[in-house]
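Can you make the complete structure from the sequences, with help from the hints?
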Amino acid sequence: MTRLTKEIIWILGTIFIAFIIGLLCFGDTLFNGRPLDLQIHDTYYIFPKTFYLIIIWITIILATYIIRGLYRKSNSRLVNIIMTVILTLILFTIFPYYNWVYEYTKDSGYYFHNQDGQTDRISEFVITHWYLTVLIGLIGLIIATVIYKTFRPVRTN
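Residues 0 to 156 in numbering that gives the first Met the number 0 are what the sequence shown lists, from first letter to last.
All clues given are correct.
Calculated cross-link-like contacts (lysine-lysine; reagent style DSSO-like; alpha-carbon spacing at most 27 Å):
(1) Lys5 x Lys72
(2) Lys5 x Lys148
(3) Lys148 x Lys72
The set of hints was computed from the structure by calculation and includes no laboratory data. Bear in mind that the values here come from a model prediction, so they are computed numbers and not experimental data.
Take a look at the structure:
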């Protein structure tokens, strides 16, 4: 398999994952043509749902290349252990905020159609909840990769 083919497969895979996240977030209304109405305090942002998917995809593709680079380049155990500790602290910092946002998501409702504006209105807590879910998953994957790279047996060829 050529390097170009491998990169295309990685990019298509991340697009597929972003699409699955979009389906989980918006369900069957993902491609209904109505824009997304996001209300944050007294401000309304109206944008296509694909814009949110592009933000998720950019986050996933950046994390993918960071993980691949770490796997190829991180050979120092000390650096790997320090990176694992720092990422674990970041993860434990995100969890309380994630739980707080999740509780507001349950209370504020998930998703509904706004008949007046012909938009699909969604709570900012839902958007934040899904973005934090992706971020926690990616940080966990980075930690797992670094731990694996730190403790894997060294090949002697």
